[in-house]
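So you can see what is in the structure, the chains are spelled out below.
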Amino acid sequence: MKRFRGFIIKEFYHIFRDKRSLFILFGMPIAQILLFGFAITNEINNVDIAVLDHSKDATSEEIINKISASSYFSIDQFIEREFDIETVFKQGKIKAVLNIEKDFSKKLIKESKAELLIITDATDPNTANTIYNYVTAILQNYQQSKNRNITTPYQITPQTRMVYNPELKSVFMFVPGVMTIILMLVSAMMTSISITREKELGTMEILLVSPLKPFQVIVGKVVPYIFLSVINAIVIVVLSIFIFKMPVEGSLFLLGLESVLFIITALALGILISTIATTQQTAMMISLMGLMLPVILLSGFIFPIASMPLILQIISNIVPAKWFIIIIKGIMLKGVGLQFIWKETLILLGMTVFFIGLSVKKYKIRLE
Amino acid sequence: MKTIGYIIQKEFKQIFRNKGMLPIIFILPLVQLLILANAATFEIKNIKFAYIDNDHSTTSRELIEKFDASTFFNVLANYSSVKQSNSAMLNGDVDVVLEIPSYFERDLLKKKHNNLGLTINAIDGATAGVESVYVNQIIQSFNKNLRIELMAAPDELAKPINITSIPSFWYNETLNYKTFMVPGILVLLVTMITLFLSGMNIVREKEIGTLEQINVTPIKKSEFIIGKLFPFWVIGMGLLTIGLIIAKLIFDIPIVGSLALMYAYTSIYIFVVLGIGLFISNYTDTQQQAMFIAWFFMVIFILMSGLFTPIESMPQWAQIITEFNPIKYFVEVMRMVMLKGSSFKDILPQFLKTVLYAMVMNALAVWSYKKTN
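Chains A and B, in that order, are what the protein sequence lines are. Take this note's numbering: the final residue in the first sequence is number 518, and no numbers are missing along the way. Take this note's numbering: the final residue in the second sequence is number 1088, and no numbers are missing along the way.
Isolated chain A, as found in the complex (with noise of 0.2 Å):
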């Protein structure tokens, strides 16, 4: 037991007299944390758009003002012909055209109906999608106080309560996705690093003939990393909850103990890495080209996995962050206590096992 604890300190000392990593180890999460929560939004404001307008009168100019009025778009020029949708599309600040048809007042008052042409720069889908959905709202709008004194019978209106996320606050979305891909890519990255790179050194070697029992080594290599990814874990649930106004509705301990099981996880897969891999090259090139993207895609991150081919979203059940994101935005947004997420929790567990159990079974004692 005392050699294992002198092994531990080792790691410590070894962890802590390499500053440059250190200092990413902290610095990193809270940087990206920050950046992220503040910068990335799925939202649209003040999008660049461009107004053709063909008949250039009072209801024309209201309905350009209205839209110039709101936050998500800006009117970046006036163009004159169908020809410069084109040239501006493929300069590609503009993402939008409003195409304002001949005589619209006019029509409006003889037929009441006019047309209004929107066109967008589809090549982003979801933005070209958000700005018509937009733009239609400010319209229907328009036309509602210019209704006003036409009642419409047999009307039917949702009440709507949206609900966990009452302002629709994109952050909510993105701190737990933003935690869970720092805390899966240091543990795992870190542990596969820090064991092959004994290997290609070559002091496994002298590792493995110490008296210390091959999984002391693993435990002891591991156990620093436990201690310095829960710091960064607290150091971000810190920060979403003080900066981001994060709520945590559920209980605190619980987020810590399944906290602490995801770090595992990760932890788990590291050593299944390590096992694999043996220069410290492979190891970090499987860490991060095999984790990196899965993480950020299929873990409804940022893409909801409802929507994913029906084989994508049977994928994405291997992917521990998925649970894991679920188990947060469980615990701090809607407050739920572990009868609502047994089952991940339980998943989570199984994979660690799954993970270290391969991992013994992968793990050679002797040297080629």
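To be clear, the hints were calculated from the coordinates, so they are not data collected in a lab. Using N, Cα and C, we set each Cβ at its ideal position, and we do this for glycine too. Hints should not be assumed to be uniformly reliable.
Claimed, not checked - Computed far set for chain B versus chain A, every beta-carbon distance over 12 Å:
#1 ILE934
#2 LYS935
#3 GLY942
#4 PHE945
#5 TYR1084
Claimed, not checked - Short, incomplete list of chain B residues facing chain A, as computed with Cβ under 8 Å:
#6 GLY840
#7 VAL848
#8 ASN858
#9 ILE878
#10 GLN1002
#11 ILE1008
#12 THR1024
Stated by the list, open to error - Ranges between beta-carbon positions, derived for each pair:
#13 B/ILE881 with A/GLN489: 47 to 55 Å
#14 A/PHE392 with B/LYS1060: 46 to 54 Å
#15 B/TYR978 with A/GLU236: 23 to 31 Å
#16 A/GLN290 with B/PHE1059: 41 to 49 Å
#17 B/ILE983 with A/PHE166: 36 to 44 Å
#18 A/PHE504 with B/ASN930: 42 to 50 Å
Based on the hints, put chain B in the right spot on chain A.
Using the frame of chain A, we list chain B on its own:
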């Protein structure tokens, strides 16, 4: 010149000799392109929908049928109480719950208007917004039908004005997400592979001690750097080629613009990435440090590139930061040229910035590489 040739030869041999790395360099990125391009969609369908019908009337049933018929909604359950639906929502089983009050039909006929309760899980705010729009669309069309059914002559009413907005989605009429994502993910993979490989390269020689051996040879700094960079440049261009073939053949992405322009831009862009990689390599002592820094910048570059979320929506200060993000320019250029057929003149600003970036980064890389320890 001959020396560079040898260095390049050595690097290529080392890359192809490492059997563990080969699949990671060539297969993994392409598998990811195939899989992940399908995953990246903001399109919202299969909304988990449930309802509470306290009225059990013809009207309420008709309304529910409308939701059943819509392709956006998956009507999963019929709860008898709010308590049940709340618990289902906490559990994550449903995202949208519609509550029809008691005497809904009777009150609607009597008062000529009525309210419905709609509860939406809003953790993902953007999705919640879209879900609410979809629900409203269904209810509005239901309202219209109701009026036609119940009112004898709707023409007697004063005619309200009606502005119809007609969408026209250019370059991607069906709003296909793959068209948008494939060029972007391709950019990412090219960048990640070249950055990670170059970032680890020199530092690996340092760590193993072979750099010292190279330092005592008469090779010049610049020769050494070019010899190190060139193989990765070739790998990057190779990945781009394979990726474009996949984009065309498997995803059927329209390649409207000039291929030559894409290649010309990429050939310069890769130098930016390699320069960053070498710079990191020179400033670190271990591969672990190098990777960590490379990873740090990579995550920031990816999430602030406009690849997944629009740059225009970011706050001003964040937009200024994105100006220093090479991936942003690459994503823009690829999408512009590939999908819209933008010409060299259209991408000139991005092109010039990339050239400048490449020069600065490589100058820094050469300058920071010291032959002495």
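Here is how each hint holds up against the structure:
1. Its beta-carbon lying about 23 Å from the closest one in chain A, B/ILE934 satisfies the requirement of being farther than 12 Å from that chain.
2. With a closest Cβ-Cβ approach of about 26 Å to chain A, B/LYS935 is found to remain outside the 12 Å limit, as its non-interface label requires.
3. Listed as a non-interface residue, B/GLY942 keeps its Cβ farther than 12 Å from every Cβ of chain A; the least gap is roughly 19 Å.
4. No beta-carbon of chain A is positioned within 12 Å of the beta-carbon of B/PHE945; the least distance is around 19 Å.
5. No Cβ of chain A comes within 12 Å of the Cβ of B/TYR1084; the nearest lies about 18 Å off, and the non-interface call holds.
6. The interface hint given for B/GLY840 holds, since its Cβ lies 3 Å from the closest Cβ of chain A, which is under the 8 Å cut-off.
7. Because the smallest distance between the Cβ of B/VAL848 and any Cβ of chain A comes to about 6 Å, under 8 Å, the interface hint for this residue holds.
8. A distance limit of 8 Å between C-beta atoms decides the matter here; for B/ASN858 the minimum to chain A is near 6 Å, and the interface restraint holds.
9. Hint status for B/ILE878: holds, given a least beta-carbon distance of 5 Å to chain A, under 8 Å.
10. With its C-beta approaching chain A no nearer than about 5 Å, B/GLN1002 sits inside the 8 Å limit, and its interface hint holds.
11. A distance limit of 8 Å between C-beta atoms decides the matter here; for B/ILE1008 the minimum to chain A is near 6 Å, and the interface restraint holds.
12. Interface restraint check: B/THR1024 against chain A, minimum CB-CB distance 5 Å, threshold 8 Å, status holds.
13. The hint said 47 to 55 Å for the Cβ distance between B/ILE881 and A/GLN489, and at roughly 50 Å that hint holds.
14. For the pair A/PHE392 and B/LYS1060, the beta carbons lie near 49 Å from each other, so the given range of 46 to 54 Å is met.
15. Remark: the range hint 23 to 31 Å for B/TYR978 to A/GLU236 is upheld by a beta-carbon distance near 24 Å.
16. Checked against the given bound of 41 to 49 Å, the beta carbons of A/GLN290 and B/PHE1059, roughly 42 Å apart, stay inside it.
17. Taken as a hint, the range 36 to 44 Å holds for the pair B/ILE983 and A/PHE166, whose Cβ atoms sit roughly 42 Å apart.
18. About 46 Å separates the C-beta atoms of A/PHE504 and B/ASN930, a value consistent with the hinted range of 42 to 50 Å.
Hint check: no violations occur; every hint is consistent with the structure.
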